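The hints should help you fit chain F with the ligand onto chain X, whose structure is shown.
Residue numbers (this note's numbering), protein chains in the order written: chain X, 1 to 490; chain F, 1001 to 1476.
For the record, the hints were derived by calculation from the structure and aren't laboratory data. Some hints could be false.
Computed list of lysine-lysine pairs in DSSO-like fashion (alpha-carbon distance at most 27 Å, straight line) [said to hold, decoys possible]:
# : chain 1 : residue 1 : chain 2 : residue 2
1 : F       : Lys-1358  : F       : Lys-1030
2 : X       : Lys-377   : F       : Lys-1358
3 : F       : Lys-1412  : F       : Lys-1382
4 : F       : Lys-1057  : X       : Lys-235
5 : X       : Lys-235   : F       : Lys-1382
6 : F       : Lys-1469  : F       : Lys-1412
If you want the ones that stay clear, here's a sample from chain X, every Cβ over 10 Å from chain F, calculated [stated by the list, open to error]:
#  : residue
7  : Lys-235
8  : Asp-238
9  : Thr-239
10 : Ala-391
11 : Lys-416
12 : Ser-482
Computed from a predicted structure; not experimentally measured. Each residue gets a CB set at the ideal place from its N, CA and C atoms; glycine is no exception.
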Amino acid sequence: MSTDLGITLAEYVRGVASGEISCEEYVVATLDRIEKHDAKLHAYVSVDADAVEAAKGVDAAVRAGRDVGALAGAPFGIKDNICMAGTRTTCCSWMLEDYVSPYDATVVDRLSGSGGIVVGKTNMDEFAMGLTTEFAAFGPSLNPWNTECVPGGSSGGSAVAVSALECIASLGSDTGGSVRNPASFCGIVGYKPTYGRLSRYGLVSYANSIEQVGIMARSVEDVGIVMNAISGEDKMDDTTRRDVRSGADHTPDHIADIDGGVEGMAVGLDVDSFDESTDVGSAVRRAADAFEAAGATVTDVHIDHGPSSVASYYVLTAAEAGSNLARYDNLRYGYDMPQEGYEYNAYISRARSRLGPEVTRRMILGGFVPSAGHAGKYYLKALKMRDALSAQVDGVFADGNLACILSPTVPVLPFKFGEKIDDPVELFRMDSNTVLANLTGRPSISVPFAMSSGLPIGVQLTGSLDSDAQLLRIANTIHASSESKGAPQL
Amino acid sequence: MKARIGLEIHCQLTTLKTKLFCGCRADYRKMDPNTNVCPTCLGLPGSLPRLNGAAVKTALLIAIALGCKSPDVLSFFRKNYFYPDLPKNYQITQLDIYGPACVGHDGQIKVDDRDVRISRIQLEEDPGRIVYSGASEKNLETLVDYNRAGAPLVEIVTEPDMESPRDVRIFLNLMHDMLENIGASDASLEGAIRADANVSLEGNNKVEIKNVSSFHDLEKAVGYEIMRQTNNIENEIEIDKETRQWDEKRRITVSARSKESDTDYRYFLEHDVPWIEIGNACDMLRKDMPESIATRRQRYTAEYGISDQVAEILSSQQYFARIFESARTDENSRELANIITTDLMGLLETRQKQADSKLGSAELGRLVGAMMDKRITRTSAKSALQSMVRDGRSFDDIVRESGLGTVDDESKITELVGSVIDSEPGLVNQALASPKAVHYIMGLVMKKSSGRADPEMVRKAIESYLDSKRNDAPDQ
Ligand SMILES: [Zn+2]
Chain X
1 MSTDLGITLA
11 EYVRGVASGE
21 ISCEEYVVAT
31 LDRIEKHDAK
41 LHAYVSVDAD
51 AVEAAKGVDA
61 AVRAGRDVGA
71 LAGAPFGIKD
81 NICMAGTRTT
91 CCSWMLEDYV
101 SPYDATVVDR
111 LSGSGGIVVG
121 KTNMDEFAMG
131 LTTEFAAFGP
141 SLNPWNTECV
151 PGGSSGGSAV
161 AVSALECIAS
171 LGSDTGGSVR
181 NPASFCGIVG
191 YKPTYGRLSR
201 YGLVSYANSI
211 EQVGIMARSV
221 EDVGIVMNAI
231 SGEDKMDDTT
241 RRDVRSGADH
251 TPDHIADIDG
261 GVEGMAVGLD
271 VDSFDESTDV
281 GSAVRRAADA
291 FEAAGATVTD
301 VHIDHGPSSV
311 ASYYVLTAAE
321 AGSNLARYDN
331 LRYGYDMPQE
341 GYEYNAYISR
351 ARSRLGPEVT
361 RRMILGGFVP
371 SAGHAGKYYL
381 KALKMRDALS
391 AQVDGVFADG
401 NLACILSPTV
411 PVLPFKFGEK
421 IDDPVELFRM
431 DSNTVLANLT
441 GRPSISVPFA
451 MSSGLPIGVQ
461 LTGSLDSDAQ
471 LLRIANTIHA
481 SSESKGAPQL
Chain F
1001 MKARIGLEIH
1011 CQLTTLKTKL
1021 FCGCRADYRK
1031 MDPNTNVCPT
1041 CLGLPGSLPR
1051 LNGAAVKTAL
1061 LIAIALGCKS
1071 PDVLSFFRKN
1081 YFYPDLPKNY
1091 QITQLDIYGP
1101 ACVGHDGQIK
1111 VDDRDVRISR
1121 IQLEEDPGRI
1131 VYSGASEKNL
1141 ETLVDYNRAG
1151 APLVEIVTEP
1161 DMESPRDVRI
1171 FLNLMHDMLE
1181 NIGASDASLE
1191 GAIRADANVS
1201 LEGNNKVEIK
1211 NVSSFHDLEK
1221 AVGYEIMRQT
1231 NNIENEIEID
1241 KETRQWDEKR
1251 RITVSARSKE
1261 SDTDYRYFLE
1271 HDVPWIEIGN
1281 ACDMLRKDMP
1291 ESIATRRQRY
1301 TAEYGISDQV
1311 AEILSSQQYF
1321 ARIFESARTD
1331 ENSRELANII
1341 TTDLMGLLET
1351 RQKQADSKLG
1361 SAELGRLVGA
1371 MMDKRITRTS
1381 AKSALQSMVR
1391 DGRSFDDIVR
1401 ESGLGTVDDE
1411 SKITELVGSV
1421 IDSEPGLVNQ
1431 ALASPKAVHY
1441 IMGLVMKKSS
1451 GRADPEMVRK
1461 AIESYLDSKR
1471 NDAPDQ
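In isolation and in its complexed conformation, chain X is listed as follows (with noise of 0.2 Å):
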């Protein structure tokens, strides 16, 4: 077996059209390494073992001189909250134990319009509540660069899958951080687009006014050809629509200028978001140094994060999850509890017996934080410091001049499982960076930049709204200086 699965997705689309590269054999070397690591790893909840048939397809479209589409048979991993047709979409949690879904996402739809082959699910935190992945209802995935640490979260099986090199690209999907922090505490690429960029439809929904679909990758580059496949309107999703979202453009080309660098730039460096004497903070540190090394400014700009951001975030996620999971009343998923003797809703507070820890915290929250007598409390005040988050946001970038703010993705190392897991609150704290491009909708990417005790460090940036295209030009050039480098050794 010679084959280099670590190259990225470009590499690979390039090496599949020269013909130096046969889809068969790279899919082959996937389902071999995913069958090889995957047992302790546990990246991936199911495998599609006919993913091999499709790469033979492909393989022959290029002999045959057909057009094999921009993903040309590359290997994915989509989380498990992201529906495909026939295949069992289980939000990796004992609710959805045996829910296969009767139709496909249309990311996933145009995933594969465009030639991407889909190697398995990925396992992610129940329902992507969680930022760890211990919260998988199934067993938590492990941080391929120390597996007694986790992998982050919530789409930990989509990081893990891409940093360990069981697939070449993978979905995740980002409601407080959940694409960002694992591909941070995993070394690789992760981005959440601006809302509505991206189709939700066939995305279970959990937070669904925050929430996006992201993209996990080893280059931005490869981020930027995922984006062209599978961004865009979708008449399934009304809040893809462009004049929903002021009428910007929605499919710009994401690679076209990624080389363009950033010289005259502006950073805007999130000062108050790190501590610069932790490994972290230097590392954020190091990577405003660089950007001014290749040609931007930085200047410091001051976010009140406080704790009234994360604070809105878990009451705004609640509310909705509290609403979005409504459905999962054992009447029509489920499991087989027979209801003889059931009042209505005794069954059902028996049904959700089934619903792990993390899910019932936040569905209590969120029957609580909206309810009448509570609402103005807690759920209208979110709504209004999301407001002020947001014009504090529009603030900063305000003059214009601004491109990005730069800060560290996670404030913390990847840590030991059970470390932080009994604590709700200081897990909820890991948030505090992330949450700011949900709350506010704009398009965010963790980066890889530094290497510390042999784990991972990403620095994010974050930018205006609708700014995707310069977003992942600015992080194409900040991973160039990255001081890390090359997979994990398993």
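Just chain F with the ligand now, with coordinates in the frame of chain X:
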């Protein structure tokens, strides 16, 4: 003691092609259970609502017809509650508590001489249907059919401005006719319009009445409730703030044990449906708005000289009003209106029959013209009309082929009269003795002519026959 009655009317927008948030059919009737469904209206994981723009337009039409104001921006909310007929366990609806966001608010319509204020009009999705079946009361199965889930529904909420069951009846009839007139709903379809009422007597608690299946019963339920509350007050029994169900069999309202008013729906904004900027849509819609029933009735009496009663019937049904307008001439208005209201409405009593009708308005005009010229009799006209509706044949062909033209030839009529009287020899003496027998003979003659004989001429012919017999008579 004065009663205050408010109504909540749920009206399905049955004239739309698709449901409120997906491409399934808005008309779910006559389909096998759970066949008119898709991921969105089943609320499958990952599905999203896609707003039906035509539903918004139709709902705005209703708002305009009820004199409502509409905000510049519409938004939708989630109403969270658990019920097996609700696929997502929340309903997407509209709400005004955070400022006007519903399709309409603060409207008003005249009911007789009273103004009834409309608090708001909201657009929302219908839930599915629960069907109970099973061998016995004890062994009931609860079945759910989601064919209706997501059907476009408009809720019209009034202020408690009605005072009697009669007001309720008039208001509901007005709604029914208005909704049909603007093409929003075919109110005759089963379940297309449902209504709940709230009733209170001055200074006392408000009681909601639900589960009433027809307008007729709602009027009865309101009447019962006023009586019940009046009795309670006379006996100094406090009236509970509660929801009561109408018991169809016993014709009374009974307390619904669950206090629905206590349910907390945890309303919040539905982000999956982006806000809708109305812009000048209302002005555009106002221009295309069908003439209101009241204006039309006014016009029929004032300009066409039609009686109040006929004008009221004709103007309230857009289908017939349209036929009337296109077949009308300055000369035939009254005759035409009469034949439409007395004969045609009977032939085309359902929406289906109306849709199947092959009657052209020009042909109807010809028929009325022939009647006015006495070329055919009323009876013949009626039978010709049936055939025109059924087969779409032209009036002239029918007259020619089935000889429906009036028999007004004097010698033919004399002959007819002679042959009828000859067939029953006893008739003459009876007729000479009693005028009743004359009517009887006339009936026989008309029957023998298949209704074609000119009645006036027949009467004259019988008279002259009898006169001749009188003269012939021997000594009396
Ligand atoms: Zn549907």
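query = Within a Cα-Cα threshold of 27 Å, do X:Lys-235 and F:Lys-1382 meet the stated pairing?
reply = Distance ~53 Å between X:Lys-235 and F:Lys-1382 Cα, so the pair is violated.
key: 10 Å Cβ clearance of X:Lys-416 from chain F   = The claim stands: X:Lys-416 keeps its Cβ more than 10 Å from every Cβ of chain F (closest is about 33 Å).
task = Please confirm whether X:Thr-239 is truly not at the interface, meaning its C-beta sits more than 10 Å away from all C-beta atoms of chain F.
result = Per Cβ check, X:Thr-239 is inside 10 Å of chain F; nearest 6 Å; violated.
query = Was X:Ser-482 rightly flagged as not at the interface, with every chain F Cβ beyond 10 Å?
reply = holds, 35 Å
key: Interface exclusion of X:Asp-238 relative to chain F, criterion Cβ beyond 10 Å   = Violated: least Cβ distance 5 Å, not greater than 10 Å.
query = Is the Cβ of X:Lys-235 more than 10 Å away from each Cβ in chain F?
reply = violated, 7 Å
key: Restraint status (C-alpha distance of X:Lys-377 to F:Lys-1358 at most 27 Å)   = Distance of about 64 Å is beyond 27 Å: violated.
key: Non-interface label on X:Ala-391, tested against every C-beta of chain F at 10 Å   = Holds, since 19 Å exceeds 10 Å.
key: Hinted pair F:Lys-1412 and F:Lys-1382, Cα distance within 27 Å   = holds, 23 Å
message = Next pair to validate is F:Lys-1057 with X:Lys-235; report whether the Cα-Cα distance is within 27 Å.
response = Since the Cα atoms of F:Lys-1057 and X:Lys-235 sit roughly 19 Å apart, the hinted pair holds (cutoff 27 Å).
query = Holds or violated: are the alpha carbons of F:Lys-1469 and F:Lys-1412 at most 27 Å from each other?
reply = It holds: about 19 Å lies between the C-alpha atoms, which stays within 27 Å.
query = When you check the alpha-carbon spacing of F:Lys-1358 and F:Lys-1030, does it fall within 27 Å?
reply = Satisfied, since the Cα-Cα distance of roughly 25 Å is no more than 27 Å.
Violated hints for the displayed structure, listed by number in ascending order: 2, 5, 7, 8 and 9.
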